[in-house]
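Chemist: Next come the chains, spelled out residue by residue.
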Amino acid sequence: MAKLLRVNMSEIITKFEPVPEQYLGLGGRGLTSAIVSNEVDPTCHPIGPMNKLAIATGLLGGTNCANSGRLSIGAKSPLTGGIKESNSGGQPGIHLGRLDIMAIVVEGVAEAGKYYKLVINAQGAELVPADELKGLGNYDTVEKLKAAHGDKCSFISIGQAGEAMLTAASIACTDTGLRPTRHAGRGGLGAVMGSKGLKAVVIDPAGGHAPELADPEAFKAAAKSFAKFLTSHPVTGEGLPTYGTDILINILNEAGGLPTRNFSEGRFADAEKVGGEHMNEVTTKRGGVCTHGCMTSCVIRCSGLYVDEKGDYVTKWPEYETVWAWGPNCGVSDLDLIAQIDRMCDDFGLDTIEMGTAMAVAMEGGLLEFGDGPGALEALSQVGKLTPLGRILGCGTKAVGQMFGVKRVPVVKGQSMPAYDPRAVKGVGVTYATTPMGADHTAGYAVATNILKVGGDLDPLKPHGQIELSRNLQIATAAIDTVGLCLFVAFPVLDNPESLGDVVTMLNARFGWQLTVDDVPAVGQKVLEMELDFNRRAGFNKSMDRLPDFFKREPLRPHSEVFDISDEELDRTLDFSS
Amino acid sequence: MQITVKLAGPLRKEVEGLVGGEKQLDLPQGATVSQAIEALGLTGKVRMLMLNGRPLLQDGPMSDGDRLMLLPPSLAYNMYVATNFLAPSVREDIRKKS
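In order, the protein sequence lines correspond to chains E and R.
The opening position of the first sequence corresponds to residue 0 in numbering that gives the first Met the number 0, with each subsequent residue numbered one higher.
The opening position of the second sequence corresponds to residue 0 in numbering that gives the first Met the number 0, with each subsequent residue numbered one higher.
Incorrect hints may appear among the rest.
Short, incomplete list of chain E residues facing chain R, as computed with Cβ under 7 angstroms [claimed, not checked]: (1) P233; (2) I246; (3) G426.
Derived lysine-lysine pairs resembling DSS-like cross-links, with alpha carbons at most 25 angstroms apart [unchecked claim]: (4) K525/E to K551/E; (5) K44/R to K227/E; (6) K227/E to K22/R.
Because the hints were derived from the structure by calculation, they are not lab data.
These numbers come from a predicted model, not from an experiment.
Beta carbons: idealized from backbone N, C-alpha and C, even for Gly.
The shape of chain E in the complex, shown without the other chains (with noise of 0.2 angstroms):
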């Protein structure tokens, strides 16, 4: 039977309960924003007793369903004022649902200074005494973990950045190599766990087990049918896993759509220096890995590790939004530097995308000249000091805009956004200004299952069509991230709509349901409105659903665009009355 777990850092207790009814039939994301949307007060302080970190797996986390195992983490954002989830792949989220755990809700604040660690195994959880791991970074954290707890555990973490509670800190989780390089990144996330005293989560699958099933003959078919998609489709099965995300930096490139020079331009002329396919050449020379899998019922194995020129590890393979941000962004090139810098970020707990857009914006201000890399590496690791310096830079894009006097600051809702000019690709420029999330890609980046009406006449330049494509893309990335798949598993869906029934039929074979796949959009609704609401009650109005005025006077080379989609329009996305 599914349980939630109830810790109250106020008075160090730990309590299992049934999943409340009103929760049931939720997981992932859905399942931690309709905890925060009930049991926060939206006009509380982020890092204050009355906010409430809620982790959460899948509703198939812990099955054998391929990419299953992300973990949702959600509070009232720190960054936005408002309701967040961030997800991120790794064991974690594998391991809580083989202890038959649903949701952890962390409530009320350690004493000041206090730092303790949530070990969780089949027996139960208790919060330990974690002073051994005061200040230490991420990767540190785990080792020290690792020799305390063993290496069959995974650990969920937060680095000096979380501790110190600064606005860009996340919370990461540990790959499958218990390496801390998955992160839960956006929105400040860290700070509100660090304000609890909480630096880790440790958890021991031994003695757990796959879920209960409510017809395991029906769920071992569709699992199995629904991992062939994945192996066999030609982006899940071909690109993701020999290019990685980074592949995109060369084609935004050519779409004019690269942010360069904090939003200035779009195209950065050293492109191809830090794309994918140059960082699998470099990867394969080094004797790297460019096939990797974070979790490990991953089939899609998107990431890679990166090595240095002796062969050493760095870090695993940057993302595409991780190498733009700090790469062409940052006016750029070398992606060595960008590799260290990527570390480093995993190492304190930070947003990369957070920190890269942050850090162009400083540029901007003058703090550094744009392509100056070394410069941008010694002022991050002025974060892991915490000196003033670091403490700004760690607050994001907007505190960093504010201290240093810049009027072009590309935040929604104090989020910074990431790889995509909305000049150049207007549909992703109307999910940034929408979604409740501030700006944020993955809010709409899968897929409708009518998508592909839509994309037979979408013109990326042209408002026609973005609207649409909008809201299908937010209400099934709400869905997907319910259910706890990786946002990959998109791709599939867009050509064989089977493998979303796939999806159901496992949902119904797991708990008993009768859903079908028209159900599914109702889902992704659902938890949308809820967000949505949640925001409402925090102050948020439609006014804030805008992107920097920036964008709408300044065209954008190579294109001479602006976002040009009306308010009215915008307002229009998320309507769900009309």
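Chain E is fixed; fit chain R onto it per the hints.
Modeler: Relative to chain E, chain R alone:
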């Protein structure tokens, strides 16, 4: 006329003489995009393409100095990009299916 072709990912292994994934291609005046793909031996291997960084809704003639990027099905990663830059032949297939 001469155009510049940029190839992405695995398509680079299919064509010789690339520098930084690019190649200058000589074609008869007014050659179409599909003729360029054919000249490269990539017919049937392109899902997305960009002509001068823009989508191409219908196949048509190119001009001297044009820039053509070709992408295989395995690199249609981002849905906004993938749906916007579908090759005309793929758009046509989708229309027929729907």
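Chemist: Run every hint past the structure and note whether it holds.
Modeler: Hint check results:
{"no.": "1", "hint": "P233", "verdict": "holds (4 angstroms)"}
{"no.": "2", "hint": "I246", "verdict": "holds (6 angstroms)"}
{"no.": "3", "hint": "G426", "verdict": "holds (5 angstroms)"}
{"no.": "4", "hint": "K525/E to K551/E", "verdict": "violated (32 angstroms)"}
{"no.": "5", "hint": "K44/R to K227/E", "verdict": "holds (22 angstroms)"}
{"no.": "6", "hint": "K227/E to K22/R", "verdict": "violated (36 angstroms)"}
Hints 4 and 6 from the earlier list are contradicted by this structure; the remaining hints agree with it.
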